[in-house]
Amino acid sequence: MTVMQHSELYGRAEIEPKGPLIAGTMHTLRITFTVGRYGIDDKGSILIAWKYVCDDEHPQFSDPEGSGYTTAYTTGEAKLKLSFGALSFYRPWFKALRVDVYDGSLKEGDKIIVTLGDRSRGGPGLRIQTFQESERIFKVLADPFGTRRYVEVESPKVTIIGGPADELQVVAPSIVTPREPFAVTVRALDSWGNPSPSYRGEITFTQTEQFDSLPSSYVFKSSDRGVKRFEGISLKESGLYRLEVVDSSGLKAVSNPILCRSGEVGWKVYWGDLHGQTHGKARDVLADTVGTGTPREYFEFARDVAAIDFCSWQGNDFQVSKELWEDVCAETKRFNQPGRFVTFLGYEWSGLTPNGGDHNILYLEDDQPIYRSSHYLVKDKSDIDTDRCPISELWKTFKGRKDVMAIPHVGGRYGNLDYFDPEFISLIEIHSFHGTFEWFAREALERGLKVGFVAFSDDHTCRPGLAYPPCRPNKVKGGLTAVYADELTRRSIWEALKSRRCYGTTGARILLHVDVNGHMMGEEFSTEEYPKIKVEVHGTNLINRVQVYRGTKPVYTYPPFRPKESGFRVVQILWSGARSKGRSKRTVWNGMLSLDKGKIIRYETLGFRKRVDLIEEYSNQILKWYSSTVGNYKGLVLWLDAPDDAEITFKSQPKTFKFKLKNLREKPIVVDAGGVDQKIEVCEVSPEDWRMDISFEYVDEEVEVGVNPYWVRVQQVDCEMAWSSPVYVHYKTV
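Heads up: the sequence shown is residues 1 to 734, going by my numbering.
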């Protein structure tokens, strides 16, 4: 029986207004459920379910003047009771509003009217989700008989679009040659990271003397929907450039660094996101994968809005139906356009961690089979014999194939490195919207595994390559991976990934080059000479520090530690880490600091997110904050007028400690706070040393005999980060 047929027997639902609604704004939504032929008995109920990824404000029923206030009434002879559970239904519809019928029953044609964000008693409405969606579904189900067995009826949908422009962004290629045509994308984003379809600003390009075929100005049109790609642009001479844009309202943006090199250029840098998922095919196959949008919308966003160069779809395998997989195969093939946008067919093998844990599976070629970890949420079990679990069974199936790649990562589950197979695994994911996972990289190196580091989004909001976090404190911005390849084709990108000639970032297009004794990141070589590590970084903001690691040990930091001898003290305090490796990763750092002598002249926050993190100044000696991390960094920079014997007390939920300013003249302070990489780092800094462009060399004279992985970690003042893949140096004595 279809959902449409269910509606005749069980009921149907409608919603007002249908939209378009602006993401992240306050609204009143009225869902009217008309009872079907069966009626609803005393103790029967209906559910209105939200997807896991949806970050609507939760309904509440006790404060009529508060946001999210929700009410319900019926035209029939019964009473209603409302309740809401964040984990009350099945995946991916984890959140559900339940309307119970009691003290009576309802007959066919009676109505239940639910008002989300009821404003009738002074409330402001309910904040809807912060990300765009062409078909936002309110899944409605009915249990007329009070059995707790729910049947889906035809569900209402609304359209969510981006709001007014809050910022401009400019995206350009990272490496070009003089007179080589390239494209620049300018996008206007709302305060939640969605493209702004209403943007009509006039933008002006500044400092364009070295750019050919770049218009001096452009007025955005309705057809642009907040994003404009300018093609045929070139640079006249070699050098390092950043393209600046300003609009008529005063919004400004600076592009990622553009390195123009003449002569034999060799590899170029291409940017991609190989980890994200959607819903099923709109209106046709509504496979309940955990994401939103369709595969077609997913690839369109990656190419046209995120302006990345390569991409892959990665739905959880135990929810991927045959029909959805056929659609993914078709759309992956359809969007692959060498030289413009490269797609890779793939899926997420999502077995439980004891059986292997999460791995992204990538194919080099089109029209490949899916070998699931299970059919747990796939209704059609006719091909269950193709399941492969544990993941070692998948390795057996792929044995000898050179056109398959697997990337373990940390999501809800984490990849189990006990199942590591170098035939298929050359990379691990170090960052996604779930958080930052340096512990995962460290565990791989401690085991002696030879892997490169990548970062992706694991996006569920149909925004691959530009995945802003939903309005929840346990998520961060999605990452990107840069590869050094000779051309934008599947085989060239594939070869770069397999060779570990790549690096990951937290989403910023930081340009990073690392070599050791002339060998590129990802390479492995033997030498009897001391390793000389050359590092070149061009940031998207001021660079706080760059660290060179040998294995899991930092061996050099740039700029070198240089405390001030006089004048104001500038102290940086960073907190980072996660509570656990599992699903409940979030560490709450709510706390305060106090200075016992002198005063705090000013302060700046590092990495704080709007609407999630907050800092308050109680006096010129006391600061209080609300903050959390999931492996990533956040913190403060303090400008102090205080004597050497002044003491700072740092109090937070994970750790409380004290230190005197004079202690910082000797070396930075690092305090272990338990958990997974939970720590507080305190040091004196010299902001005048912060630069957007850094290059240096370091010779490691303490190298140990054997294999030494050298890699580089970049941290900007905005807490954006980058991690190079290691160079594996087999050091031998003479």
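Quick caveat, the hints were computed from the structure, so don't treat them as lab data.
Treat the hints with care, as some may be off.
[Said to hold, decoys possible] Simulated restraints, written as ranges between beta carbons of each label pair: (1) Gly122 x Ile615: 26 to 36 angstroms; (2) Ser619 x Glu14: 35 to 45 angstroms; (3) Asp693 x Gly263: 50 to 60 angstroms; (4) Leu214 x Glu666: 29 to 39 angstroms; (5) Ile615 x Ser526: 47 to 57 angstroms; (6) Gln337 x Thr649: 28 to 38 angstroms.
[What the hints assert, rightly or not] Calculated cross-link-like contacts (lysine-lysine; reagent style PhoX-like; alpha-carbon spacing at most 20 angstroms): (7) Lys381 x Lys333; (8) Lys396 x Lys379; (9) Lys81 x Lys43; (10) Lys553 x Lys667; (11) Lys498 x Lys399; (12) Lys79 x Lys107; (13) Lys79 x Lys95; (14) Lys379 x Lys399; (15) Lys333 x Lys322; (16) Lys597 x Lys658.
We put the beta carbon where it would ideally sit given N, CA and C, even for glycine.
Against the structure, test the hints numbered earlier, and report the numbers of the ones violated in rising order. 2, 3, 4, 6, 7, 8, 13, 14
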